[in-house]
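Chains as they are written, first to last, in our numbering: chain F, 35 to 146; chain S, 7 to 432.
Quick caveat, the hints were computed from the structure, so don't treat them as lab data. Keep in mind that a hint or two might mislead.
Unchecked claim - As a list, the in silico DSS-like pairs of lysine-lysine whose alpha-carbon atoms are at most 30 Å apart:
1. S/390 <-> F/51
2. S/266 <-> S/198
3. S/198 <-> F/51
4. S/266 <-> S/318
5. F/124 <-> F/51
6. S/390 <-> S/198
7. S/266 <-> S/390
8. F/51 <-> F/119
9. F/119 <-> S/198
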Amino acid sequence: MKLVTAIIKPFKLDDVKEALRTAGIAGMTVSEVQGFGRQRGHTEVYRGTEYTVDFVPKVRIEILADDADAPRIAQAIVEAARTDKIGDGKVWLAPVEDIIRIRTGEMGHDAI
Amino acid sequence: MDSGNTAWVLVSAALVLFMTPGLAFFYGGMVRSKNVLGMLMQNFFCMGIVSVLWAVVVFSLAFGEDIGGGLLGGFDFVGLRDLGIADVAEAAENVPGLALTIPPMLFVAFQLMFAIITPALITGAVADRMKFAAWVVFVGAWLILVYAPVAHWVFSPGGWLFERGALDFAGGTVVHINAGIAALALVFVLGKRRGWPGEAMAPHSLPFTLLGTGILWFGWFGFNAGSALAADGIAAQALVNTHMAAAAALIGWLIVEKVKGGHATTLGAASGAVAGLVAITPCAGFVDTVPALIIGFLAGVVCFAAIQMKFKFGYDDALDVVGIHLVGGILGSIMVGLFADDGVNSIAPDGLFTGGGADLLVEQVIAVAATLVWSFVATFVIAKVIDATIGLRVAPDQEAEGLDVTQHAEAAYAYGDFGSMGRIGS
């Protein structure tokens, strides 16, 4: 089992969600996050004083998937989130030792 | 000169000014949080540029002596000269035809507040995607080429629609139809927001929208009852009509919402109230109380239906300026022809339902049509010229990032100390 995590541009979330729905995922979790990579932040001005804001708003997506499905899901995210401009984000896959569905107590593959 | 009338119109001018910040919050609550400052700024900026242009030339174009055909005023009041002189009676004679019982300079101020809010109404349609520089140029050009002539036609004694006998108590044509049809022309050139209509784009703060609605309702007493230009019975009737129409429209909108299988929503209550206020505007000092209730209720129902048009026809009137101000303005302007009552206001002939025949109704239709045609065509041309020169729209990535940061380098909400913000030069 794998945890697919992606950091994407916020306005790409709808496109990514639709691509993942088409790819047949069982569910996803999203959160609003801030951070920076190669993309620079922006400047804000208050009464003539300029400030740099380093952290850029992003959306983090987390999806639990079977080993066989994970690469396909990651690829779907990459294709849907790409704008070819700096700051498109990253996707990574990490192994998951076990998963438990809280309501039923199902474990592992059955809990996805 | 009448001191009682003067006192009331002084207060009314302040009330009408307050509507523009109210409108800013009415709209500001409905946009996404990344665009709220852009929306507030477009509205507040109108208080700056419209005021300056008004003093310099626009009041003169609207209310100066007619230059011919009832189409536009001349340059006699450029810089507001001859209007503020100490001898008020002599100054009043400088504005012939209006029979002012208030200082002309107060009339200038009162009318200015209408000129400020009219282009501000358009901001709701173009929300989330218009370049601030383009808005600056647009408001200036629109005020001179669209607002000044239409105000002259309808409000100035030398205007051709005024002379024909069309009635507009407080701005159904000049303010609401004018802004509503201009909004439609502008969104045709501007295009849709990225993602519309698929993405939800939900309001970020309905409490702001309700607060703005309350400020608008409050200010509208100055807008409509102040338009009597006197502290008299007509002003009182206009105030009651304004209130009753807003109340009935609020209820009308909510009933339709509920009957259509949904919930009674706060945004529906706000929208209904504003629709009623719009529709009663041209009627306020011309109709009796029961017609005002009917007009208000109709406005709530009709405008609810009208806001669905944008999905059918595919134009992105983001916050429903067309559905509420254009449709509500037309409804109200036509209602004058049906319900105007000589017993309420002796300057008005009776309408079709009040025993006066169809003459007034015909004049109302002509006034509506003339405003629609001129405002649409002129606005479309202004928008095309701006689009071809400096561009109307922000770049796609700026639209995605939001107007607040890209147009104004500010963030509306800085919750917590998480921003890692450093002062440049420290």
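Check: Out of the numbered hints, which ones does the structure contradict?
Finding: Checked against the structure, the hints that fail are numbers 1, 7, while the rest are satisfied.
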